[in-house]
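Q: In case you want the letters, here they are:
There are 2 protein chains.
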Amino acid sequence: MKKIQLLKIVCASLILICMSCKKAEEAPGEQAASAAAFDLAAAKTSVEAGYAEFEKAFNAKDSVALANCYTSDAKFMNPNGKAVVGRPAIQNTFGMWFNGDTSTIKLNLVDLWGNETNLTAENAWTMYDKDGKVLDDGKSLEVYKMEDGKWKLYRDCYNSNMPAMPMKK
Amino acid sequence: MKKIQLLKIVCASLILICMSCKKAEEAPGEQAASAAAFDLAAAKTSVEAGYAEFEKAFNAKDSVALANCYTSDAKFMNPNGKAVVGRPAIQNTFGMWFNGDTSTIKLNLVDLWGNETNLTAENAWTMYDKDGKVLDDGKSLEVYKMEDGKWKLYRDCYNSNMPAMPMKK
Numbered sequence: 245m246k247k248i249q250l251l252k253i254v255c256a257s258l259i260l261i262c263m264s265c266k267k268a269e270e271a272p273g274e275q276a277a278s279a280a281a282f283d284l285a286a287a288k289t290s291v292e293a294g295y296a297e298f299e300k301a302f303n304a305k306d307s308v309a310l311a312n313c314y315t316s317d318a319k320f321m322n323p324n325g326k327a328v329v330g331r332p333a334i335q336n337t338f339g340m341w342f343n344g345d346t347s348t349i350k351l352n353l354v355d356l357w358g359n360e361t362n363l364t365a366e367n368a369w370t371m372y373d374k375d376g377k378v379l380d381d382g383k384s385l386e387v388y389k390m391e392d393g394k395w396k397l398y399r400d401c402y403n404s405n406m407p408a409m410p411m412k413k
Numbered sequence: 245m246k247k248i249q250l251l252k253i254v255c256a257s258l259i260l261i262c263m264s265c266k267k268a269e270e271a272p273g274e275q276a277a278s279a280a281a282f283d284l285a286a287a288k289t290s291v292e293a294g295y296a297e298f299e300k301a302f303n304a305k306d307s308v309a310l311a312n313c314y315t316s317d318a319k320f321m322n323p324n325g326k327a328v329v330g331r332p333a334i335q336n337t338f339g340m341w342f343n344g345d346t347s348t349i350k351l352n353l354v355d356l357w358g359n360e361t362n363l364t365a366e367n368a369w370t371m372y373d374k375d376g377k378v379l380d381d382g383k384s385l386e387v388y389k390m391e392d393g394k395w396k397l398y399r400d401c402y403n404s405n406m407p408a409m410p411m412k413k
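Order-wise, the sequence lines are chains F and R.
Residues in the first sequence are numbered consecutively from 245, following the working numbering.
Residues in the second sequence are numbered consecutively from 245, following the working numbering.
Please note that a few of the clues may not be correct.
Any copy will do: because identical chains look the same in the list, a pair fits if it lies in one copy or spans two.
As the list claims (entries may be wrong) - Here are the simulated DSS-like pairs of lysine-lysine, each with C-alpha atoms no more than 27 angstroms apart in a straight line:
1. LYS374 to LYS394
2. LYS374 to LYS389
3. LYS394 to LYS300
4. LYS288 to LYS389
5. LYS350 to LYS300
6. LYS377 to LYS396
7. LYS374 to LYS288
8. LYS396 to LYS305
It should be emphasised that the hints constitute simulated quantities derived from the structure, not laboratory data.
Keep in mind it's a predicted model, so treat the numbers as computed, not measured.
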C-alpha cells in the first residue's frame, strides 16, 4: 500500500508539472502574436504626442524643451549645412534660430514604420509667420529611439517643398 | 499489484509528456533569439549592393534602371519641390535631370535600422563633375521595402550640406 501511495504522489506531482508545462507551451504563440502585432497604433499616439511637445517648444522658442525632443546622441540633418550632432549642439542651433524669430510650426504624421527598437516616421510640416501666413512647408523622415521611457528623435532629415532661396546675410 | 502496474504506466506516460513539454518550452527562447538576431549584416550587404546598382544607373544616366531601384509606390522626397510619387513619375524626373548632365554620384551607408518588414538607412552622398571635382554633398534617410524579392527604396528624403543656391533658370 505504501508503494501505491508513493506512486499516487508521483503521479499527482507529474500532473501538476505537466499542467505548468502546458501553460509555458502556450507562451510562444502569445509572444509571437504580440511581436507580430507590435502596437503601432500606440506608437503612433506617442509620436503624435511628441509632435505636440515639439510644436509647443518650437512655438514658445524654448530651445531647451525642443532639444529635449531629441535623443542625447541625435543627428539633426538640416538642409544646407552639415548635420548637427548631439543634444547640446542641437539646442545651440535652435537657440540661434529662435533669436528674434516669431514663426510657428505644425507637424503632421503621414506614415509610421518600425518595431520596439526603432520607429521611422514620415512627416509633413508647415511654418507660419506671426499672422498665420505660410512661410515654408516641406517633408521629413525621422528615426526614433526610446530614451528615458519616451520615443525621441534620433535622426531628423528634412527639406522644403519651396524653391531654393539663397541664405540671407 | 494490477493497481501498481497501472500507476507505473501512468507515471511513465506522464514523464514522457513532461519531456515533450520541456522541449516545447524551449522553443520561445529560440524563437526570440532568431527574431532578435534578424540578419542586419545581410540586410546591410543588400542595401550596399543596391547602392552599387543606384550609382551605376545614375552614372550611366539610365533613368529606367535608376527608377527600378525604387518600389512601384515609392516617394522621392527631393528638396525644393513636392515629393515625386510612384516609379513612373520618379523615372520621368530622373530622365529630365539626366538631360545633358554628366555628374556622377557616390553613396555611403552610414547606419541601418530595421527588421524583416522595413529598413531605414542613413546615407552620405557626394556628387562629382566629369573631372572628379565635388559638385555637391549631403545626407539622406531612406526607408526600404521588399519588392520582387529585393530591398527597394520606398521613401528617400535628402538634402545638401552646401549653402542654398537659387534655382538656375
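Q: Hints first: check each against the structure and report whether it holds.
A: Tested hints:
1. In the homo-oligomer, the alpha carbons of LYS374 and LYS394 never lie at most 27 angstroms apart, since the shortest distance is 31 angstroms inside one protomer and 47 angstroms across protomers.
2. Taking CA atoms no more than 27 angstroms apart as the test, LYS374 paired with LYS389 passes in neither setting, with 33 angstroms inside one copy and 40 angstroms between copies.
3. In this homomeric assembly, LYS394 and LYS300 come within 27 angstroms of each other (Cα to Cα) only inside a single copy, at 17 angstroms, whereas the closest approach across copies is 41 angstroms.
4. For the homomeric pair LYS288 and LYS389, the shortest alpha-carbon distances inside one copy (14 angstroms) and between copies (20 angstroms) are both at most 27 angstroms.
5. Taking the shortest alpha-carbon separations for LYS350 and LYS300, only the intra-copy value of 10 angstroms comes in at or below 27 angstroms, while the best inter-copy value is 39 angstroms.
6. For the homomeric pair LYS377 and LYS396, neither the shortest alpha-carbon distance inside one copy (29 angstroms) nor that between copies (38 angstroms) is at most 27 angstroms.
7. For the identical chains of this complex, LYS374 and LYS288 are neighbours neither inside a copy (29 angstroms) nor across copies (45 angstroms), given an alpha-carbon limit of 27 angstroms.
8. Proximity of LYS396 and LYS305 under a CA criterion of 27 angstroms is satisfied intra-copy only: 19 angstroms inside one chain copy versus 39 angstroms between copies.
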